[in-house]
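Turn these sequences into a full structure, and let the hints steer you where they fit.
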Amino acid sequence: MAINAHLINISKKIGVLSDPKNLTAKAKGHCQKIAATIKSFTLLGKFGLTVVTFFVLLAVFAPLITVHPYDLPSGPPLMAPGEGHLLGTDDLGIDIWAQLCRGAKISIIVGLGTALLAGLGGGLIGIISGYVGGILDKIIMRLIDIMLVIPDFPVMILLAAFLGPSLTNIIIVLALFSWVSSARIARSQILMLKEKTYIKSAVLYGAGTWYLMRKHFLPEIFPLIAVQMIRLTGRAIISEAGLSFLGLGDPTSKSWGLTIHYATSFKGIYYTDFWKWWLFYPWLFLMLMVVSLAFISRDLERIADPRLRKK
Amino acid sequence: MIRLAGGDWGYPTPYGLYPRGPGSRKMNLIFDSLVKTDSSGKIAPKLASEWESSEDGLTYTFKLNPKAKWHDGKPFTAEDVVFTYNYMKQYIPVSGGCPDSIKQVEKVDDQTVKIKIDEANVDFLSNSSSWIIIPKHIWESVTDPNNFTSAEAAVGTGPYKLVDYSKEHGTYHFVANPDFWGSKPRVKEIKFVPAGETILAFEQNEIDRISVTPDILSRYENNPEYKILSYETSWAYRLYFNMKARPELAEKSFRQAIAYAIDRQELVDKIERGAAVPGSPGVLHPNNEFYNSKAAQYTHNTNKAKELMSNLGYKDADADGILKNNKGERLSFRLLCDDGSARLAEVIKQHLAQAGIEVVINSVDMKTRDARFKDGDFELCINGSGNGEDLSELTTIKSEGKATSTTAQAIGYQNTEVDELYIAQQKEKDPKKRKEIMFKLQQIVADDVPKLTLYYKNSLNVHRPSVYDGWSLDTYHSDSRSNFVDD
Amino acid sequence: MQHKSRMRIIEYAITIWVIITLNFLLPRLIPGDPFLVLSSQEAEDEEIILSEEQRQYLFEYYGLDQPIHKQYFVYMGELLRGNLGFSLYYKQPVSEIIISRLPWTVFMVISAVVLSTLIGTIIGCISAWHREKWVDKSLFLFMIFFSEIPSFLIGLILLFVFAAGLGLFPLAGAVTHFADFQSGWSRIWDVIHHAILPVTALTISHLGGTYLLGRNSMTTVLEKDYLRTAWAKGLSQSRIIFRHALKNALLPIVTRVFISLGSLVGGAILVENVFSYPGLGTLMRQSVRVHDYPVIQGIFLVVTILVLLANFLADLVYKKLDPRVSS
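Chains as they are written, first to last, in this note's numbering: chain A, 13 to 323; chain L, 83 to 569; chain U, 1058 to 1384.
Hints are not guaranteed to be accurate.
[Stated by the list, open to error] DSBU-like, lysine-lysine: derived pairs with alpha carbons at most 35 Å apart:
(1) 431/L with 117/A
(2) 279/A with 273/L
(3) 171/L with 1127/U
(4) 1377/U with 150/A
(5) 1127/U with 150/A
(6) 309/L with 279/A
(7) 117/A with 273/L
[What the hints assert, rightly or not] A partial selection of chain U residues facing chain A, derived with a Cβ cut-off under 8 Å:
(8) 1075
(9) 1122
(10) 1213
(11) 1361
Simulated from the structure, these hints should not be mistaken for lab results. Backbone N, C-alpha and C define an ideal beta-carbon position, used for all residues, glycine too.
Listed below in structure tokens is the structure:
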């Protein structure tokens, strides 16, 4: 994450910074616009959108499309994919397909939870920082600088161990390390908007803070934050999987990372065929989800950035 | 030469090793104690060739083995024993320390020491079988033993000398001591090599013996190149009920209902893939010499559990599958476990759910779990341990200063009869009578179920008889001294 | 300008102080203490329960019985003297432990950086050269796809397919121990053989970034006037690529190399745990498990300083290479 922001930093230096003027019109999300956006997606973006939609449907309709419960044994342990169990069972005899559907839900909760918390929280911090300015802005900027250089994953390991494994804690930990990019975006937008003549004249005519926020700042900033949030969702899902893989996740959550963790910690799994379903399918789901989200955010960033769009 | 799977367990001295079995077993290749407990539980000579206790059981006199010599050629004398006692009082070792009950160690002559203890205890000799004697001429100038890791630190009287140790790679290299006081070691050299994947290392001839799981046993069955030895161990997972945190648990029949509700055989089948022995509520393993097969067993019976619960007034009025007390509160418990036993907790949760008891799993890392276990900060807790057979943890008696002696206190269990019986068996010199007391003790414990033994792990080991076939049938630990030498 | 660089140094100092303090506090906030051993997970490594007396003794010995602010000052004082402390578990100076582990992590990360940069740039150049043709398009799809998969997922599948399934590579570790190597070369081969999968996993997940950078800057450069001139002069293709285009694409690529070091650390921790590679990542996981505060702090500090250093170098190199910034 630190790197992402750094790249923004670098690209700023190189001069590839986006000009968000055109963005407002684009992102005033009405149905048509959304359709148009999707149409302008690349092949990869469309692929990503399909996969993510698939997972969302999976998560929502999990109880309807799974025959077996996700937390109770429904067959003999470690059964290979076949009759009754589409993707086989794990060591406790729990249906893998049911677990993976449940995992889709967990992933989406973690991803969206983190993205909302970090995106909105970060955005708010950025807005305050940029709008109020002065010493507060300086402090926040320093804080952001520090957050940027702290290697996030080691601290996440520590924090996760400290807070104890639960889904909420994981979301909090992830959000703590993801708000910076949104804050930076929001802050730079505010700073730029403050200089615009129409804002200045609005202020002259006595527009209050809330009016400005509602009418001018938020509509400009929100789309950018929203694009950022898709990125954060993907990152959060990866990080949760990483923490779960290390055994620091919520052991009862049935997330994909956790299923992988249990599979890899099964003694002697390398010498059996069990991994061909127990490990492979959660791996596949996780990979598809993460990659798809990345494709979507890549396309959205491209659309949000007029300079890139021109090319 | 034998090669075994290594791993870093610390420098094999009483101060340098990590508090885990493999470290202390490596230390025991180098160092000796005065006496040992043999496989049948009898006390046998080691550095002490004979001993006698006074009539009141408060004084023991040990005659030392005149053949014993330190690895550097210096003679082993009574001075070393006296020194070790005083030194270990000042600097407490991680492992191999002297029994707390010792009050005084006195030199009678070069080959004789007299040890005074504060209270008669039939287990004194077996307790002192873990006490390691260190050389005075080396350690007397050492003021920071925890940091003392030079080559001399590993000078002992034992059958093996340490020639090389690498912390980074977790390797140990032991060579037989030609001047060993006992019988000649059967293996000249033992190397502990790091093997991330022991099975692969074994198949590629990098190591000579491994521990395996049932799923891969078929690779070695019916093959004359390999030999499989199976052991039952006393290492067990146990479930603790905190009666202080949840007064409901103080009700005996409530705990019994839980015992009925948990299918211990299924735990064995699922979690250990069959390689375990279902736990006996009397705590002791069925192959323990004191095991009482008549103690209550609580064979899995969900209906019986439900019946007991309903006798206690728990009803599932709204038929949502969870029992409620008379105030209508759902019967729900938090089950504390570590990441290694989370899987086990999950199955227990399923079993208890069938009996109408809801379980919320609270999995934390091992250290946190240990701390919360000690402080009684849990409702139900799973603990995996090789030390749980000692019934003293269910008494309110402080024994040998172990941290688990607080367990009874932590879970709020107190039964004066258990305390009395425990003390009585400790003092009982007649083995037959002692056994009777132990039988009674188990019966009470099984009836009370303050903790429920879930299962005892088995250990499956595979070796190549062509390389070495002298593996002990009494211990499953491949690094145990008894595999390589008869003392 | 001077004021600015002074500010920069103060910034770094504040950052390091915050990190050190965080570093001191965090491990101590985790409940549980390092000397309480009540359980084990395997019958093979059963616990040795320390008595209360022993625990007290060890607490005093390591100064953990002191009030926290005192421990903090002692820690800071020792740090200033370059002392990272003494491991509670490994019973060895932390600096020694880290020095024995660090080379493996550095070796892995550097190899991955070098490889991903080289391969990424080359493929990027090829792509740019064939811009908008099918070669470029398929390369683009392929690279983007792989670059988005987190390294530990790549590692997992490599481990299972190539090491466990096909048996082509070792499953764990970094070297074969006590092996009798015929020559220095076979020893080197042994190290490489162990490193191939983990390094490949890290490389693949970082290929995409350099690829895109290489492709973009190459494209930009190829459109520049002087290259058109070179083209018109009839210079050979390879000469144009290597003499002119690559030289100009170098700046963003070099900057990225340093910056990607930081993000590689997170990936490396996980990848090491996938392959049980004896670097800082596996050490970190183990230390968190046993609550070995000094080691956790040591690793964290070293990693952070390395990342800071990489950032600093990136700044420096950037200034050196780009005349617009230094003027």
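Checking against the hints above, which ones are violated? 7, 9
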